[in-house]
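Undergrad: So the protein sequences, as listed, match chains A and F.
With positions in the first sequence counted from 1, the corresponding number in the working numbering is that position plus 10.
With positions in the second sequence counted from 1, the corresponding number in the working numbering is that position plus 203.
Since the hints were derived computationally from the structure, they do not count as laboratory data.
Watch out, some of these pointers could steer you wrong.
[Stated by the list, open to error] Derived lysine to any residue pairs resembling SDA-like cross-links, with alpha carbons at most 25 angstroms apart:
1. A:190 - A:178
2. A:237 - F:260
3. F:261 - F:314
4. F:307 - A:195
5. A:261 - A:140
6. A:189 - F:255
7. A:122 - A:219
8. F:255 - A:253
9. A:189 - A:126
10. F:307 - A:57
11. F:307 - A:258
12. A:151 - A:195
[Unchecked claim] Computed spacing ranges between beta-carbons, pair by pair:
13. F:259 - A:110: 29 to 39 angstroms
14. A:57 - F:324: 19 to 29 angstroms
15. F:247 - A:85: 50 to 60 angstroms
16. F:246 - A:258: 31 to 41 angstroms
17. A:110 - F:275: 51 to 61 angstroms
18. A:69 - F:259: 18 to 28 angstroms
[Stated by the list, open to error] Some chain F residues close to chain A (C-beta under 8 angstroms, calculated; not the full set):
19. 283
20. 315
21. 317
22. 318
23. 330
For glycine and all other residues, C-beta sits at the position ideal for the given N, C-alpha and C.
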Amino acid sequence: MKRTVSLLVGGLFCSAISTAAIADDGRELVIDGQTIATTAPVPDDHPLDEIISGWRFRSAETQALQMDDFENPAFVAIEYAEELWETPAGASNQSCADCHGDADSFTGLRAKLPRWNEEMGKPATLEMLINASIETHQGAKPWKWESAEMLAMTALIGLQSRGMAVAMETDGPMTDWIKKGEELYYTRIGQLDIACANCHEDNYGNMIRADHLSQGQVNGFPVYRLKWGSLGSIHRRFKGCMDQVRAEPYKRGSDEFIALEAYVVSRGMGLSVETPSVRN
Amino acid sequence: MKAIAKTIAAATLLISGSAVAGVVAPGNVQFVEATVPVSLTGMAGDPAKGRKWFTNRKLGNCLACHANDDLSEEQFHGEIGPYLQGVGDTYSEGELRAIVINSKEVFGEMTIMPAFYKTEGLNRVARKFAGKTILSAEQVEDIVAYLATLKE
Ligand code: HEC
Ligand code: HEC
Ligand code: HEC
Numbered sequence: 011m012k013r014t015v016s017l018l019v020g021g022l023f024c025s026a027i028s029t030a031a032i033a034d035d036g037r038e039l040v041i042d043g044q045t046i047a048t049t050a051p052v053p054d055d056h057p058l059d060e061i062i063s064g065w066r067f068r069s070a071e072t073q074a075l076q077m078d079d080f081e082n083p084a085f086v087a088i089e090y091a092e093e094l095w096e097t098p099a100g101a102s103n104q105s106c107a108d109c110h111g112d113a114d115s116f117t118g119l120r121a122k123l124p125r126w127n128e129e130m131g132k133p134a135t136l137e138m139l140i141n142a143s144i145e146t147h148q149g150a151k152p153w154k155w156e157s158a159e160m161l162a163m164t165a166l167i168g169l170q171s172r173g174m175a176v177a178m179e180t181d182g183p184m185t186d187w188i189k190k191g192e193e194l195y196y197t198r199i200g201q202l203d204i205a206c207a208n209c210h211e212d213n214y215g216n217m218i219r220a221d222h223l224s225q226g227q228v229n230g231f232p233v234y235r236l237k238w239g240s241l242g243s244i245h246r247r248f249k250g251c252m253d254q255v256r257a258e259p260y261k262r263g264s265d266e267f268i269a270l271e272a273y274v275v276s277r278g279m280g281l282s283v284e285t286p287s288v289r290n
Numbered sequence: 204m205k206a207i208a209k210t211i212a213a214a215t216l217l218i219s220g221s222a223v224a225g226v227v228a229p230g231n232v233q234f235v236e237a238t239v240p241v242s243l244t245g246m247a248g249d250p251a252k253g254r255k256w257f258t259n260r261k262l263g264n265c266l267a268c269h270a271n272d273d274l275s276e277e278q279f280h281g282e283i284g285p286y287l288q289g290v291g292d293t294y295s296e297g298e299l300r301a302i303v304i305n306s307k308e309v310f311g312e313m314t315i316m317p318a319f320y321k322t323e324g325l326n327r328v329a330r331k332f333a334g335k336t337i338l339s340a341e342q343v344e345d346i347v348a349y350l351a352t353l354k355e
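Build the full structure now, drawing on both the sequences and the hints.
TA: Here is the structure:
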């Protein structure tokens, strides 16, 4: 890089830009008196030198929305999920509550996903586990991946693990899936010919136009995005990033996105579950 | 009469045919030691248009990655690539053209900067963009002409 010097001495206008870039000022995420770790210790053979939650890269205003459950717009969906939780449906005519008791019976589940599922013959994401239960136990029609019901329920179940360290199982049959996800992560794609790693590993901390690039971690999903005006799933975000580089995105729930999810989770082990987080 | 009409039709074909042949296709671009010395259109680009393509999110979107003082009216400038003030001094026109067409020929395979005039060797390009370049030959020339104006 020949011109790094002029980048540094870019004058007033440029220093305005770089102030925005150091929004990561080490602020602490405290919700309802509970401090939630937004960094994690880095294991030896990890591709990153530091592991940092996406929350740390957002502006102070966006960060604040996530620090107060009354301000957090995702909590409208959480209330909706609490209604769904109590609503009987399907052939069993039973509600989630009838069989599972309180939602907090799922404490810890979010932190372990995706998790190998023998019957499915693949790693199960939270969406897949919920739908499997709706179909086989409740006897009702499964929800669409990106439906208001699924987003709300994944947010409610995820919330039960908020503050717990992400601790997905990585051995056994998971190994191959994680490896497949890793391949996808480092493969350049699309008309712009850019891989996930080019942005989220080589350039996190830098501004890409108006966006402060994070490590692309998934510990806060589903996230409420102000731009979407709603919650969105991990796979929706993956699709959005593929669209940005003009690549043909994989489908939500596809084996490719399941593998990619497992791999991205493996890059953020030890971060706290932050569901439901808020993004711009 | 008929014969004349035919001759005119043939002449028109020839003219439009040669206009297309005058544009270097993405697969035919000749790199000479990390430069592309010859204009892709055979003509000089328009720097005023180039300045527009530079910020346009659907075209160059150069500003996504590069800061540029000359565009201080634009609010957000990227930090992925170097600051571009003075590239008109640092690089020759042929070098600038090579950088815009396919920067991998200049910076190496590892660069994140997209190739703006290339269709081959890409992976999973969205159907809508398959076989297309990000910029047209004319737009490449406009941007090259614009970059040449960025002097310290
Ligand atoms: C008729 C009873 C019944 C109903 C109704 C029901 N479930 Fe289940 N669900 C089960 C059983 C049984 C299992 C498998 C045993 C277990 O893991 O608890 C299960 C498993 C699950 C799992 C996977 C847990 C794990 O650790 O693998 C999730 C998530 C789940 N259910 C969510 C829901 C949700 C959300 C609803 C409401 C939309 C619901 N279930 C409705 C009986 C039910
Ligand atoms: C051209 C750069 C670019 C590429 C390539 C890219 N992303 Fe992103 N991604 C972004 C931007 C910009 C954002 C929003 C700001 C941020 O969190 O980084 C984002 C956000 C994300 C987020 C949300 C993070 C959070 O905390 O909310 C995830 C997850 C993500 N990307 C995963 C991926 C994956 C997986 C790939 C590869 C398929 C990918 N990205 C490719 C630019 C990119
Ligand atoms: C995805 C980010 C990205 C985009 C978009 C991008 N560039 Fe670059 N560009 C870079 C990077 C990074 C470098 C530095 C070369 C390297 O080390 O990879 C660079 C280098 C350059 C250089 C050489 C600068 C110097 O001082 O050596 C020029 C000129 C340039 N780009 C012009 C453009 C133009 C014109 C566009 C739009 C048509 C553009 N770039 C779009 C990332 C980008």
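Undergrad: Against this structure, judge whether each hint is valid.
TA: Do the hints match the structure? See the list:
1. A:190 - A:178: Holds. Residue 190 of chain A to residue 178 of chain A sits at ~16 angstroms (cutoff 25 angstroms).
2. A:237 - F:260: holds, 17 angstroms
3. F:261 - F:314: holds, 21 angstroms
4. F:307 - A:195: Measuring from Cα to Cα gives roughly 20 angstroms; hence the hint holds.
5. A:261 - A:140: holds, 18 angstroms
6. A:189 - F:255: Roughly 43 angstroms separates the two Cα atoms, so the pair is violated.
7. A:122 - A:219: violated, 35 angstroms
8. F:255 - A:253: holds, 23 angstroms
9. A:189 - A:126: holds, 14 angstroms
10. F:307 - A:57: Holds - the C-alpha atoms of residue 57 of chain A and residue 307 of chain F are around 24 angstroms apart, at most 25 angstroms.
11. F:307 - A:258: The given pair, whose Cα atoms are some 23 angstroms apart, holds under the 25 angstroms limit.
12. A:151 - A:195: Status violated; Cα separation ~33 angstroms.
13. F:259 - A:110: 29 to 39 angstroms: Violated, at about 52 angstroms.
14. A:57 - F:324: 19 to 29 angstroms: holds, 25 angstroms
15. F:247 - A:85: 50 to 60 angstroms: Taking Cβ atoms as reference, residue 247 of chain F and residue 85 of chain A lie about 59 angstroms apart, which means the hint holds.
16. F:246 - A:258: 31 to 41 angstroms: For residue 246 of chain F and residue 258 of chain A the Cβ distance comes to about 35 angstroms; the hint holds.
17. A:110 - F:275: 51 to 61 angstroms: holds, 58 angstroms
18. A:69 - F:259: 18 to 28 angstroms: holds, 26 angstroms
19. 283: With a closest approach of 5 angstroms, the residue 283 of chain F hint holds.
20. 315: holds, 5 angstroms
21. 317: holds, 4 angstroms
22. 318: holds, 7 angstroms
23. 330: holds, 6 angstroms
Checked against the numbered hints given earlier, the structure breaks hints 6, 7, 12 and 13 and satisfies all the rest.
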